[in-house]
Amino acid sequence: MSNAGKNGLTYSDAGVDIDAGNLMVEKIKPAVRSTRRPGADGEIGGFGGLFDLKAAGFTDPVLVAANDGVGTKLKIAIDANRHDTVGIDLVAMCVNDLVVQGAEPLFFLDYFATGKLDPEQGAAIVLGIADGCRQAGCALIGGETAEMPGMYRDGDYDLAGFAVGAAERGQLLPSGDLAEGDVILGLTSSGVHSNGFSLVRKIVSLSGLAWDAPAPFADGKTLGEALLTPTRIYVKPLLKAIRETAGIKALAHITGGGFPDNIPRVLPDTLAAEIDLGSIPVPPVFSWLSATGGVAANEMLRTFNCGVGMIAVVAAENVAAVTDVLAGEGEVVVPLGRIVARAEGGAGTLYKGTLGL
Numbered sequence: 001m002s003n004a005g006k007n008g009l010t011y012s013d014a015g016v017d018i019d020a021g022n023l024m025v026e027k028i029k030p031a032v033r034s035t036r037r038p039g040a041d042g043e044i045g046g047f048g049g050l051f052d053l054k055a056a057g058f059t060d061p062v063l064v065a066a067n068d069g070v071g072t073k074l075k076i077a078i079d080a081n082r083h084d085t086v087g088i089d090l091v092a093m094c095v096n097d098l099v100v101q102g103a104e105p106l107f108f109l110d111y112f113a114t115g116k117l118d119p120e121q122g123a124a125i126v127l128g129i130a131d132g133c134r135q136a137g138c139a140l141i142g143g144e145t146a147e148m149p150g151m152y153r154d155g156d157y158d159l160a161g162f163a164v165g166a167a168e169r170g171q172l173l174p175s176g177d178l179a180e181g182d183v184i185l186g187l188t189s190s191g192v193h194s195n196g197f198s199l200v201r202k203i204v205s206l207s208g209l210a211w212d213a214p215a216p217f218a219d220g221k222t223l224g225e226a227l228l229t230p231t232r233i234y235v236k237p238l239l240k241a242i243r244e245t246a247g248i249k250a251l252a253h254i255t256g257g258g259f260p261d262n263i264p265r266v267l268p269d270t271l272a273a274e275i276d277l278g279s280i281p282v283p284p285v286f287s288w289l290s291a292t293g294g295v296a297a298n299e300m301l302r303t304f305n306c307g308v309g310m311i312a313v314v315a316a317e318n319v320a321a322v323t324d325v326l327a328g329e330g331e332v333v334v335p336l337g338r339i340v341a342r343a344e345g346g347a348g349t350l351y352k353g354t355l356g357l
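Throughout the sequence shown, residue numbering follows the UniProt record's numbering, covering 1 to 357 in sequence.
These aren't lab readings, by the way, just hints derived from the structure by calculation.
Among the hints, erroneous ones may be present.
[As the list claims (entries may be wrong)] Dumping the calculated DSS-like pairs for lysine-lysine here, alpha-carbon to alpha-carbon at most 30 Å:
#1 Lys75 / Lys202
#2 Lys221 / Lys75
#3 Lys221 / Lys27
#4 Lys202 / Lys116
#5 Lys236 / Lys54
Start from the sequences, fold in the hints, and give me the full structure.
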């Protein structure tokens with residue numbers, strides 16, 4: 001008789017391996033420890049992560065929270081069998097949303113769900129998450145690993161992240177003094193970041209290229225490797241510019257929805273962003289996607305960052321100071337346009353010039 005009689009079933013017979021979960025926790029402990037910062041110095045393994053706001057140096061903080069996933073970029077990681085960078089994307093999508101509100105990311109928690117836990121794969125993912133946390137200066141204080149047979153096919157997994165940051169009361173962005181004539185600066189992206197990948201995957205299938213084929217737009221990289229380039233984390237340069245210049249009035253993280261959906265989120269109804277499309281240094285990956293998929297420029301701008309992952313609104317007299325700090329921290333800063341009056345019922349993002357696809 002199978003399973004040693006009627007009552008002999010174990011959790012592992014049902015497809016859940018507790019030992020694999022414990023092995024993964026042991027594998028990731030050093031990486032998690034490497035993300036410690038003032039306010040967070042506990043070990044993972046308890047029922048919740050602790051954070052001490054006072055030890056982090058805040059006196060009267062407002063907390064800001066954000067959560068996100070990586071989307072169908074995960075399918076490329078799974079198909080190309082490369083799992084070491086999607087954790088950076090997971091952190092980036094959350095912490096970039098915190099810093100645009102003027103908040104310093106403090107701690108991060110992840111949720112990793114899979115059909116059958118492979119401790120090596122799981123550890124590679126969490127090492128990426130720890131890398132992203134170090135880049136952002138936040139502590140990885142906890143997470144959940146869920147093994148769910150029957151919910152996900154073997155090898156498939158999903159990720160979600162949750163980040164909390166803080167800003168001193170009265171220091172949140174956007175500030176209330178945005179005005180016509182303010183300058184819009186763009187910070188270049190590292191590539192596609194983590195948006196539009198359902199369209200990317202459709203275009204790749206049209207192209208007939210395999211994930212291990214040479215990337216047509218990136219020398220020396222496979223297609224999978226080039227498309228998995230992780231999302232840029234803008235946190236430390238932006239916090240430095242905010243604190244040292246006090247010149248940043250508003251920030252917008254350019255994610256799904258591109259310029260037309262993300263920039264108006266930080267503008268009052270009376271103002272619009274006028275973007276000079278000709279000033280955008282468009283990376284080759286976007287030209288390839290547009291040409292291979294026959295994707296029109298307007299659709300590109302609504303789906304992808306097209307080369308600009310973050311925008312800052314700055315008064316004209318502060319442009320040089322803000323640019324100097326950001327460039328000193330390794331950012332490539334591009335003057336993108338200016339703030340103009342918005343026509344009643346008009347769009348929050350206006351374009352002039354042509355996108356250099």
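Outcome of the hint check:
A C-alpha spacing of about 12 Å is found between Lys75 and Lys202, which places the hinted pair at or below 30 Å, so the restraint holds. Only pairs whose Cα atoms come within 30 Å are accepted, and Lys221 paired with Lys75 is accepted, the gap being roughly 18 Å. The straight-line distance between the Cα atoms of Lys221 and Lys27 is roughly 29 Å, inside the 30 Å bound, and the hint therefore holds. Between Lys202 and Lys116, the direct Cα distance comes to roughly 27 Å. Compliance with the 30 Å bound is thereby established for this hinted pair.
Proximity of Lys236 to Lys54 is assessed by CA-CA distance (about 20 Å); at most 30 Å being required, the pair is judged to hold.
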